[in-house]
Amino acid sequence: MTARIGVITFPGTLDDVDAARAVRYAGAEAVSLWHRDTDLQGVDAVVVPGGFSYGDYLRAGAIAARSPVMGPVVDAARRGMPVLGICNGFQILCEAGLLPGALVRNTGLRFICREIRLRVEADTAWTSGFEVGSAITVPLKSGEGRFVADAETLDRLEGEGRVVFRYAEPAPNGALRDIAGVCSTDGRVVGLMPHPEHAIDPLTGPGADGLGLFTSVLGRLTAAA
Amino acid sequence: MTVQDQATGIPPLDTVANAAATPEHEQPYAALGLRDEEYARIREILGRRPTDAELAMYSVMWSEHCSYKSSKVHLRRFGETTTDEMRRHLLAGIGENAGVIDVGDGWAVTFKIESHNHPSYVEPHQGAATGVGGIVRDIMAMGARPVAVMDGLRVGPLDAPDTARVLPGVVSGVGFYGNCLGLPNLGGEVVFDPTYAGNPLVNALCVGVLRVEDLHLAFASGVGNKIVLFGARTGLDGIGGVSVLASETFGEGGEGAGRRKLPSVQVGDPFAEKVLIECCLELYRAGLVVGIQDLGGAGLSCATSELASAGDGGMEIDLDQVHLRATGMTPAEILSSESQERMCAVVTPENVDAFMAVCERWDVTARVIGEVTDGEHLRIRSAGEVVVDVPPRTVAHDGPVYSRPYARPDSQDALQASTTAGLARPGTPAELAEQIVALASSPQLASRAWVTEQYDRYVRGNTAAATPADAGVLRLDESSDRGIALAIDCNARFCLLDPREGARLALAESVRNVASSGARPVAVSDCLNFGSPEDPAVMWQFAEAVDGLAQACAELGIPVTGGNVSFYNQTATTAILPTPVVGVLGLVDDVHRAVPHGFGAPGDAVWLLGETADELDGSAWAGVVHDHLGGRPPRCDLAVEARLAGVMADGAARDLFSGAHDLSDGGLAQALVECAVDSRIGAAVTLPPGELDPAAALFSESAARMLVSVPAGAEADLARLCVEVGQPAARLGEVGGDVLAIAGVDPLDVAELVIAHAATLPSVLDA
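Going down the list, the protein sequences come from chains A and B. Going by the numbering used here, the first sequence opens with residue 1, and the numbers climb by one from there. Going by the numbering used here, the second sequence opens with residue 1, and the numbers climb by one from there.
Hints are computed from structural coordinates only; laboratory data are not their basis. None of the values given here were measured: they were computed from a predicted structure. Built from N, CA and C at the ideal position, the CB exists for glycine as well. Hints may be right or wrong, so weigh each one.
Claimed, not checked - Among the chain B residues that face chain A by a calculated CB cut under 10 angstroms, a handful are:
no.	residue
1	180
2	181
3	183
4	358
5	361
6	362
7	363
8	365
9	449
10	478
11	589
What the hints assert, rightly or not - Some residues of chain A that are not near chain B, with every Cβ distance over 12 angstroms (derived):
no.	residue
12	4
13	41
14	109
15	115
16	176
17	200
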């Protein structure tokens with residue numbers, strides 16, 4: 001049976017069409033979820049896409065984290081459902097307490113849009129198809145992408161192997177320890193600032209490296225079934 | 001004398017009855033930008049003095065920005081030169097919110113460029129942001145989904161103190177608004193020139209896609225249909241933006257020249273606009289809209305008078321129903337507010353509930369503010385009293401039309417006589433190499449990555465090419481491989497030397513940019529930026545440029561579908577360079593076959609298509625090396641340009657090209673450098689055969705030329721194609737290595753070129 005992966009749209013979400021396309025390219029069915037939904041329609045996994053949910057008012061991701069749809073997402077994630085947060089989605093997962101740390105303004109205070117190389121450093125639900133240590137190229141596009149946490153948290157994330165992606169060059173946004181993405185303790189909830197959904201086809205992106213995240217989770221879902 | 005209410009400070013309501021009873025009441029029409037004779041004409045139309053609210057409506061709608069009163073007599077040239085054959089694929093043209101082109105398979109594309117110059121000087125971030133927001137709403141109003149933006153920016157010299165305020169502010173504004181809307185920015189232009197120091201140009205382009213059957217036009221027909229205002233609340237921002245701000249010249253430059261006009265600048269909220277886009281598209285899909293108009297310049301004054309005069313002629317509006325963000329707003333303020341992110345729709349009574357439900361789903365505020373009536377009255381009430389009662393056509397369409405005097409300035413002869421013939425040209429391999437690097441690292445030609453890395457180019461996943469490619473290429477629809485290519489261009493230095501030829505060259509370059517991707521150019525949108533129309537020399541530049549562009553479009557057989565005129569771009573008596581920015585839309589049958597930008601693979605041949613003449617007047621070389629601007633611009637033969645575009649399209653369809661880059665600013669030298677830098681690979685080439693000295697061969701800016709990379713197996717086919725159509729072509733060498741080796745020039749290390757090209761903007765803007 002085809003896996004069904006939910007893609008959430010909040011007011012101000014922008015990359016939902018891209019995330020849904022990536023899900024389809026990977027061979028799964030993309031299910032649209034609306035911010036007011038309180039039922040996840042039985043999806044097997046959820047992608048929280050990028051954009052400026054609720055206009056980034058208050059704080060990026062803060063309002064979306066408290067929206068109706070996030071209640072069941074958090075519950076399902078705590079029971080092991082794979083969740084991927086990209087860019088604003090990563091911010092939302094941090095604000096919702098599913099991932100540690102926070103994303104703050106880039107050190108240069110400017111929005112940065114460029115292709116970037118990332119090192120895959122952990123085997124998670126969303127990276128099982130990659131060799132740990134391999135590099136992928138995907139776009140980074142954000143103004144508030146600097147990952148920060150206290151030193152203790154950073155040490156713990158590194159010690160527990162929960163740094164999933166690290167910038168292969170000095171982080172252009174000033175992210176602490178060059179961290180681009182992290183995961184939950186069970187490795188099923190992953191958040192990253194760069195955009196794998198924009199790297200699924202050489203026609204429209206730097207290549208197809210990003211598709212690996214979506215095929216990885218399908219592999220896990222199939223294996224679990 | 002107006003007696004203010006002691007408690008609130010709000011003047012009493014100036015009703016139509018009151019206006020009729022107090023003919024002698026003095027009105028501040030001059031402060032609103034109206035002239036004596038224009039005010040007299042309004043009194044004549046109404047048969048009485050206008051109310052405060054009516055005066056506000058006429059003043060904004062009869063402003064230069066809205067009424068085109070100085071340009072109208074010249075803009076007729078576009079209509080006169082457009083043949084039925086050129087209109088064949090046009091679903092909507094000049095006069096609509098934006099032109100619409102049928103591109104086949106039931107798809108249509110709409111695009112337009114518009115200026116937001118004056119606000120961007122006063123408040124660069126908000127001025128530029130709302131420039132993007134405004135053009136996006138124009139595209140939405142046609143029934144289309146906006147799918148991409150581009151921007152043409154012109155500011156003072158890179159190292160001028162005010163540029164450090166204006167450029168970063170403008171770039172952050174364009175990026176902030178476009179990025180938050182989720183529209184990829186495909187590129188555009190950044191130009192530095194002293195004439196833009198006190199009057200920057202921000203020209204924004206938006207392109208949208210729609211199914212042909214979803215085309216919506218702005219008209220209010222059907223007596224009894226409801227007028228719905230939806231989107232953001234109406235506030236006290238942008239009052240008089242089109243009149244006192246956009247239609248007047250700034251005073252002497254310097255600190256704070258525009259600060260007093262700050263209240264006329266609008267404030268943008270891209271989140272509100274993103275939600276409004278999705279809301280509108282859902283309303284269209286559900287068939288709930290009869291007519292629609294965006295609220296931009298002149299706000300509700302424009303939307304109500306234009307909708308009414310394009311429909312059945314009459315409309316009743318109740319201002320008490322307008323959702324406001326400030327208290328105590330007068331009718332005049334409500335009618336001339338340019339608060340952003342608002343739309344006005346005409347809805348049948350039975351669809352109002354469904355319309356409101358869609359708005360509620362998107363958390364968009366919507367209110368029925370009036371209805372369509374028969375007759376010739378636009379009647380507006382406030383607190384139950386009639387404050388406006390006017391024939392809507394007299395507001396929207398019957399504004400003054402001026403045949404402003406124009407004359408070729410006496411200084412033009414001396415300017416054209418000051419050619420580059422006497423300028424020292426480099427001769428040795430070392431001098432040539434040094435000047436190539438000087439050009440590549442000059443503010444005019446250096447990398448724009450500092451700007452474009454602040455714009456999202458990936459969102460929506462259809463961007464097949466964006467800057468530094470000559471043209472942006474976008475997939476239209478995932479189920480087919482159909483796409484479009486877009487470019488905007490203008491070399492205003494050429495336009496100063498000869499506005500007619502310069503405008504033709506702007507079209508030629510935009511066409512060439514689009515053609516470099518293999519696309520076939522099909523339509524034009526223009527943004528005509530000039531100084532004060534009250535200066536006969538400026539009016540001459542305008543008349544020449546419009547006529548030149550209109551004729552050039554006719555020669556190429558592609559229509560101007562719409563655009564915008566921006567006058568009063570000058571500081572005191574110094575006008576900007578005449579800047580007719582030309583946007584060209586091209587069609588791509590298969591985006592997978594679009595020709596990539598730059599050099600191809602190692603071993604591919606490098607060919608130069610087109611002929612090079614000794615044409616250095618007005619060139620980047622003359623400007624950068626000698627600080628010289630004079631003489632005559634390069635010749636522009638549009639038949640030759642069309643032939644080159646045909647070779648690119650035919651060659652692309654047969655996969656003959658692995659890379660392409662058009663030749664423009666900086667000539668062959670700069671094109672070779674950019675190919676090497678952007679593709680991170682070298683090449684070994686000779687100069688094109690002929691009598692030219694190396695400096696002319698490298699730096700001449702002759703039109704109708706393209707540098708292409710050709711896989712070994714395709715060279716014979718390309719040669720045959722060129723012979724068939726009479727396209728001059730020369731094989732210059734091969735791609736490969738990490739050095740740009742030009743015969744007769746010291747070798748240039750590609751890695752060093754990358755650094756030299758990239759460092760210039762950050763070295764100043766990040767300092």
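Quiz item: When the nearest CB of chain A is found for residue 449 of chain B, is that gap smaller than 10 angstroms?
Solution: 8 angstroms, holds
Self-check item: Hinted contact residue 361 of chain B with chain A - closest CB pair below 10 angstroms
Solution: Residue 361 of chain B check passes; min Cβ-Cβ to chain A is 9 angstroms, inside 10 angstroms.
Quiz item: Any Cβ of chain B at or closer than 12 angstroms to residue 4 of chain A, or is the non-interface label fine?
Solution: 20 angstroms, holds
Quiz item: Is it the case that residue 200 of chain A keeps its Cβ farther than 12 angstroms from each residue Cβ in chain B?
Solution: 8 angstroms, violated
Quiz prompt | Closest CB of chain B to the CB of residue 41 of chain A still more than 12 angstroms away | solution = Nearest chain B Cβ is 18 angstroms from residue 41 of chain A, so the label holds.
Self-check item: Status of the residue 183 of chain B interface restraint (C-beta, 10 angstroms, chain A)
Solution: Because about 9 angstroms separates residue 183 of chain B from the closest Cβ in chain A, which is inside the 10 angstroms limit, the hint holds.
Quiz item: Does the claim that residue 115 of chain A lies outside the interface with chain B hold up, using a Cβ gap greater than 12 angstroms?
Solution: 9 angstroms, violated
Practice problem: For the hint on residue 363 of chain B, just tell me whether its beta-carbon gets within less than 10 angstroms of chain A. | Solution: Because about 6 angstroms separates residue 363 of chain B from the closest Cβ in chain A, which is inside the 10 angstroms limit, the hint holds.
Practice problem: Just double-check residue 176 of chain A for me: nearest Cβ-Cβ distance to chain B has to come out over 12 angstroms. | Solution: 22 angstroms, holds
Quiz item: Does residue 109 of chain A really sit off the interface, with its C-beta more than 12 angstroms from all C-beta atoms of chain B?
Solution: 9 angstroms, violated
Quiz item: Is the hint on residue 589 of chain B kept, meaning its closest Cβ partner in chain A is under 10 angstroms away?
Solution: Cβ of residue 589 of chain B sits 15 angstroms from chain A, so the hint is violated.
Quiz item: Any CB of chain A closer than 10 angstroms to the CB of residue 365 of chain B?
Solution: With a minimum Cβ separation of about 13 angstroms from chain A (threshold 10 angstroms), the hint on residue 365 of chain B is violated.
The structure is inconsistent with the numbered hints 4, 8, 11, 14, 15 and 17, although it conforms to all the rest.
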